[in-house]
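Since the structure of chain U is provided, determine the placement of chain G on it from the hints.
Residue numbers (the numbering used here), protein chains in the order written: chain U, -17 to 414; chain G, -17 to 414.
There could be a bad hint or two in this list.
A pair counts as met if it fits within one copy or between any two copies, since identical chains are not told apart.
[What the hints assert, rightly or not] Below, computed lysine to aspartate or glutamate pairings styled on DMTMM-like, alpha-carbon distance capped at 25 Å:
(1) Lys291 with Glu194
(2) Lys301 with Asp168
(3) Lys337 with Asp73
(4) Lys337 with Glu318
(5) Lys312 with Asp97
(6) Lys337 with Asp168
Everything labelled a hint here was simulated from the structure, so no lab data went into it.
Here's the letter readout for the chains.
There are 2 protein chains.
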Amino acid sequence: MKELPHIVIVGAGFGGLEVARRLSKTAVRVTVIDCRNHHLFQPLLYQAATASVAPSEIAWPIRSLLRYANIITLLGTVVGVNTTDQEVLLDDGTSIRFDTLVLATGARHAYFGHDDWEPFAPGLKTIEDATSIRRQVLLAFEEAERTPDAAQRTKNLTFVIIGGGPTGVELAGTIAELARDTLRGDFRLFDTRKARVLLVEAGFRLLPGFRERLSDYALQALRGLGVEVRLGQPVSQCTSEGIEIGDQLVRASTILWAAGVAASPAAEWLHAAADRAGRILVQPDLTVPMHPNIFAIGDTSHLEMANGKLTPGIAPAAKQEGRYVAEAIKLRLRGEATLVPFRYKDVGTLATIGKRSAVVDFGWITLTGRLAWWLWGFAHIYFLIGLRHRLAVALSWLWIYLTGQRSARLITQDGMNREIEKATSKRTATNQ
Amino acid sequence: MKELPHIVIVGAGFGGLEVARRLSKTAVRVTVIDCRNHHLFQPLLYQAATASVAPSEIAWPIRSLLRYANIITLLGTVVGVNTTDQEVLLDDGTSIRFDTLVLATGARHAYFGHDDWEPFAPGLKTIEDATSIRRQVLLAFEEAERTPDAAQRTKNLTFVIIGGGPTGVELAGTIAELARDTLRGDFRLFDTRKARVLLVEAGFRLLPGFRERLSDYALQALRGLGVEVRLGQPVSQCTSEGIEIGDQLVRASTILWAAGVAASPAAEWLHAAADRAGRILVQPDLTVPMHPNIFAIGDTSHLEMANGKLTPGIAPAAKQEGRYVAEAIKLRLRGEATLVPFRYKDVGTLATIGKRSAVVDFGWITLTGRLAWWLWGFAHIYFLIGLRHRLAVALSWLWIYLTGQRSARLITQDGMNREIEKATSKRTATNQ
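Only chain U is shown next, with the shape it has when bound in the complex (with noise of 0.2 Å):
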């Protein structure tokens, strides 16, 4: 197997597992090397981080998705890329050479030089983010049973979501839903209806990638729901007491982020030219430029298409540019060279509000209400991969839609409280 060409790819996420997919029937030798053992389907992590699904429903453990001879998956993190010795760099200081490289590392959450917002208002892009968020946002509600302080609940009882796009809009309709449905009777000393989610957008419109009339839509749709929309109004100031929008203290105690996100640091690996959000700058096939046998896709790449718009970093664009990379990769083993540049077909966009409405943005048409919740919901569990996660996840959502209940809404303790229960206990033991 030494003489075949060793494509290495880097993240499996929708991309990255796209390209090695399509490559399981090809002459060449495949690693993966992700720093998580699963692959994560973020479009519906807000859903973990709400208790609406279990995070092990929208995840995979990529191994098991790449059960292919020629595919060897690896648990690693990456931190550099030699291009002169072609290797890429793992942090046990361990190395991997490859023929081509396949850069499909993502995007995480960005604070736009207010990094020191990051602990109060945490973003949601990885399993733990959700779990994370789930704890949170759950003993927000706990805490307001047990304090005797009315304006200490009143705090606890107060949700911001900062960032008005799909991520955003999604988590504020879900929040609602949770305090006045799924909660409601679950508690004596108040009413979780009193809960106040407040979701803070700083340009004029939710939705910005959508139409207009979608983001009116969406907008009365949350209004609907009892979620607080400020549009227009940056947020200055994050801190353990709550958010400052101009002179407005809003105090809160749950500050959830989903207004900026920033790539990996792939261009930095290669000292590649990259937009402000550090996206590499690739050529219209897709290839790092001066690096013909090194590709970029994904959340961690800025292609522009041809209507001057920037290629969305939503799923079906990695996936699409997946599947772009695997063929050219074939079309140079054949001794030929892609005629053809990446040209991004857009299937739409997608966005749900609480558990009866969505916006579908299909271009030629567009959908809102519950048809669009139903296309939605049926598009994403298409989507999943493998019976048992669409069951799983189907099952969740009907008994959601059916009682309202859901069924995730564990809190697991941080790996710092586990350290102080250790050294409080200790006990003489006996047989089991």
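This is chain G only, laid out in the frame that chain U set:
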């Protein structure tokens, strides 16, 4: 409502939950305090630890189970009891007065005076223990795929379980199946069937609480799964290298502790007489000596049965005791006293070995093999709470049974790694 007697229940496991539910229609005020927000179905915890079910499938938010007008649920950690003032003391400095107190605080794992072994040999009592063990087991296979060092790989693929009671037997059988069925085909650089699973028991037979015939059956069944069982061999040392049995060092990167439990600190809070494991020596009516209005039930209490043996630390015993206490409280409200001492009605014990066999001991009849396994399955599903969880767990098991695939195979980062992640990534941001 202030004139109603106030019953405070600490702990919402099987025992505490039973007391609360049986008082839901009684003319009392009930406050349930637990340091976690969820009730855990501990019999299936080993399945969460081996990626067979997701944590949320075996845990329920306590307050959702106690949606009764006279019951308040509080998330809080009790650190003491002031018997003079009749108050429980919480870790935030607040206190809650009670008229009757029920301590149902359960047990935690314990190390026979070798607390220094704990970092190397985690036990399995909480959801966090389960996800931590799951992470460790799955990571061991991941590291085996990455390491070029054959000795290191052997160490990664060696799993030691200490303790041959039901938990140890269940863990050993399931890890063996994980290696042989579920993960086979997922790795390229080694054969997962080479994984070595050792079950080490200091006593002379497995499942000491069952009759000998069943211990023998379990031994054969485990050997049939490829588990090496060492009987009569106490472990003398646990380190990051592995374990020592007598003179022999067994190098293993995963060591799991299933060999000892000790009670919660309840006995210390009350300065009550306790056994070697810290369990409160309760009166035949389950009250604490000299404190007729304080009950202690479940794993934190010590009560001998007619045959001189200890009432077992299993779910049916805790539930029966909870029921007894609820009835005692109702009698007292009518001005009557409990005439009958508590008597545990033995409903049998069960343990499962892998996905195809189990042992069931009903006393007058025993079952082994596949029939026992189906019975075990139905019993556990029956005792789960609620249709939603029954469906979810049934689906998980059906899937494993039919395909061998376990879908709850997430490795999630621990708290320390995330801090390092945050510290090393600062990005300029842009709009999403």
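Hint by hint, here is what the structure shows:
no.: 1; hint: Lys291 with Glu194; in the structure: within (17 Å within a copy, 74 Å between copies)
no.: 2; hint: Lys301 with Asp168; in the structure: between (42 Å within a copy, 23 Å between copies)
no.: 3; hint: Lys337 with Asp73; in the structure: neither (42 Å within a copy, 38 Å between copies)
no.: 4; hint: Lys337 with Glu318; in the structure: neither (49 Å within a copy, 52 Å between copies)
no.: 5; hint: Lys312 with Asp97; in the structure: neither (42 Å within a copy, 58 Å between copies)
no.: 6; hint: Lys337 with Asp168; in the structure: within (20 Å within a copy, 37 Å between copies)
Comparing the model with each earlier hint shows violations of hints 3, 4 and 5; every other hint is respected.
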